[in-house]
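Sequence order for the protein chains is B and E. Under the working numbering, the residue at position 167 of the first sequence is numbered 167, and the numbers go up by one with no gaps. Under the working numbering, the residue at position 2 of the second sequence is numbered 2, and the numbers go up by one with no gaps.
There are no misleading hints in this set.
Covered stretches of chain E (chain B as the covering partner; in silico rule of three or more C-beta atoms under 8 Å from a C-beta of chain B):
id, region
1, 19-33
2, 137-148
Okay, the calculated beta carbon distance ranges per label pair:
id, chain 1, residue 1, chain 2, residue 2, range
3, E, Ala-189, B, Glu-95, 27 to 33 Å
4, B, Glu-163, E, Leu-124, 52 to 58 Å
5, E, Ile-126, B, Glu-244, 47 to 53 Å
6, E, Thr-46, B, Met-326, 49 to 55 Å
7, E, Trp-38, B, Asp-161, 45 to 51 Å
8, E, Lys-114, B, Lys-117, 54 to 60 Å
9, E, Trp-38, B, Glu-244, 43 to 49 Å
10, B, Gly-187, E, Val-98, 56 to 62 Å
11, B, Met-334, E, Val-186, 24 to 30 Å
Hint data in this document are derived by calculation from the structure and do not stem from the laboratory. Note that beta-carbon positions come from the ideal geometry of N, C-alpha and C, so glycine has one too.
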Amino acid sequence: MRALVWHGKEDIRCDSVTDPQIEDDRDAIIKITSCAICGSDLHLFHNLIPAMLPGDIMGHESMGEVVEVGAAAKAKLKKGDRVVIPFTIQCGECEQCQRGNFSLCQRTNRKGNLGDKAFGHRTAGLFGYTHLTGGYPGGQAEYLRVPFADTTHIKVPDGIDDEKLLFLSDILPTGWQAAVQADIQPGDTVAVWGCGPVGQMTIRSAILLGAEQIIAIDHLPERLSMAAAAGAVTINFETESVIERLNELTGGEGPHKCIDAVGSESHVNMGQPDTLLDRAKQMVMLENDRPHVLREMIYACRPGGVISIIGVYTGLADKIPMGQSMNKGLTFRMAQAHVPRWTDDLLRRIEDDQIDPSFVITHKVDLSDGPEMYRTFRDKADSCIKVMLKP
Amino acid sequence: MPITNTTQIARSKGDPRIVRKGPSSLTGSDRLARALGWFSIGLGLTELMAPGFIARTLGLESKEGLIRAYGARELASAVPTLSVDKPVGLASRIAGDVLDLATLSSALRPGNAKRDNAAIAFALVIGVTLLDLVAFAEVKASHGRERGTQRDYSDRSGLPRGPQASRGLARRDFDTPPDYRAEGSVADAVPATAP
Ligand SMILES: NC(=O)c1ccc[n+]([C@@H]2O[C@H](COP(=O)([O-])OP(=O)(O)OC[C@H]3O[C@@H](n4cnc5c(N)ncnc54)[C@H](O)[C@@H]3O)[C@@H](O)[C@H]2O)c1
Ligand SMILES: [Zn+2]
Ligand SMILES: [Zn+2]
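Kindly generate the complete structure, drawing on both the sequences and the hints.
Encoded structure:
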């Protein structure tokens with residue numbers, strides 16, 4: 001089959017690879033009908049998480065049709081079922097799964113020892129996302145082996161386009177969890193840093209959850225225009241002072257809730273000199289992440305407010321103002337999304353026309369154009385926001 | 001150092017294996033930049049470790065310290081050249097090329113016995129400078145945000161009922177789960193006392 005394969009930093013190729021096979025009774029094989037490139041894939045494209053092996057298949061946002069089912073998954077899945085595959089792999093039985101913390105499943109990381117070493121304790125297996133989380137081949141491919149398939153799928157009805165359903169795999173529940181983590185209340189002002197696909201879904205989720213005012217921060221005009229389309233007030237951090245504008249828009253009190261949908265790779269620019277220093281340190285391996293957004297959120301947030309982090313951080317980050325956080329009594333919440341915890345509810349909201357996640361797609365191309373699309377998405381060229389790939 | 005090198009992690013047995021490789025996302029200019037980055041490392045290490053040899057070869061005997069400093073400079077510009085931010089590295093390489101040429105031109109003075117060597121080195125640096133300029137221009141062009149069209153998405157709300165009518169729609173049937181609550185007031189928290 002064809003698949004997008006990681007060969008090294010900035011080196012992704014559409015290779016021919018051997019087809020996946022059922023390896024365990026709980027496995028299923030999916031024929032992928034649609035998949036997508038995620039901001040998280042860019043961290044791997046940039047080799048920020050140095051736990052990839054050349055030959056690893058990328059991708060953790062995919063959907064398709066079940067073509068083969070292991071004996072133990074037959075009660076839940078059958079050939080021909082239409083499914084979206086969450087980026088988290090979950091057993092459904094361990095203590096974390098029982099609590100709904102699916103991205104923390106204790107059993108599905110088949111390289112758990114590596115996870116234990118890196119994080120202190122292992123977290124869930126993830127598709128196409130380094131050997132720290134199991135080294136599972138990803139779904140930017142024609143076929144995907146889904147381990148623990150009886151609990152790692154979202155069944156979706158026929159009659160709704162892939163475009164509307166695909167993002168149940170990641171960015172829709174991720175944006176939703178970013179908003180839920182902030183415990184949004186009617187009357188809240190919610191500031192969202194980053195208007196990439198995750199930020200866009202977060203903004204829509206915050207609206208559905210009743211936020212009174214949403215402030216969206218980015219520097220790319222086309223992304224800000226998409227944020228404004230959902231009613232957000234926008235701040236362009238390259239031409240305006242984020243802190244001043246946030247104070248202006250909140251009567252000097254600061255937003256109640258601050259959401260980081262940027263993560264590790266904050267834009268490096270002269271106007272934000274800390275990002276230059278972080279970038280330099282990152283190059284010589286003195287720091288893994290560029291936490292500019294974290295610093296800004298902590299400073300801007302109203303005392304007693306909530307900091308919700310959904311952008312991915314990869315390792316060590318310097319100069320996090322713990323003094324401000326402590327004295328302002330801020331609550332921090334963060335996680336990889338616990339995808340299936342939210343997807344039944346979100347599927348219903350799609351069917352009910354409360355949200356149509358397809359708005360975010362700007363590029364739809366054949367899988368073989370994937371390598372080129374990684375560059376376009378990374379460079380934010382051609383007004384690219386979300387790339388959907390068709391195997 | 002990749003964790004995968006130090007932990008002997010290997011691909012799991014059943015996973016798909018490459019049969020035939022396809023074209024890469026790396027462009028020609030990316031590869032040229034990489035080659036120049038590695039060249040910087042090679043040259044930088046030589047300048048740091050054998051400045052005396054270089055000085056003698058070029059007739060620049062008094063400039064050993066300077067050559068060593070240039071070695072450090074080469075290594076410093078190799079880091080960004082090999083990183084995702086190639087234009088920064090290539091720009092600093094170009095600035096370095098200018099310094100190298102200035103220093104070498106002093107070795108082209110008529111009295112220098114090693115003038116021929118210096119002339120060869122000068123020509124080589126001119127060649128490398130041209131490569132740096134080409135790489136810089138091409139990397140800038142192939143990774144520019146300017147590629148393609150500038151679009152406006154102000155008609156893409158993603159909320160079929162419109163932003164105003166959608167506000168709070170989910171509150172009808174969704175409450176923040178208890179394990180995600182952060183809000184509340186003292187009135188909720190303090191148990192009512194009997195009068
Ligand atoms: N927690 C999860 O489960 C989960 C799931 C998916 C993605 N993510 C993460 O979410 C993040 C965003 O993903 P995406 O797909 O939207 O990526 P993206 O790269 O398309 O979007 C990031 C956006 O942040 C903007 N940005 C950069 N610096 C900024 C700053 N200082 N202030 C404001 N905005 C800034 C960029 O211009 C860009 O538009 C990534 O870190 C990704 O790894 C997390
Ligand atoms: Zn993702
Ligand atoms: Zn589990």
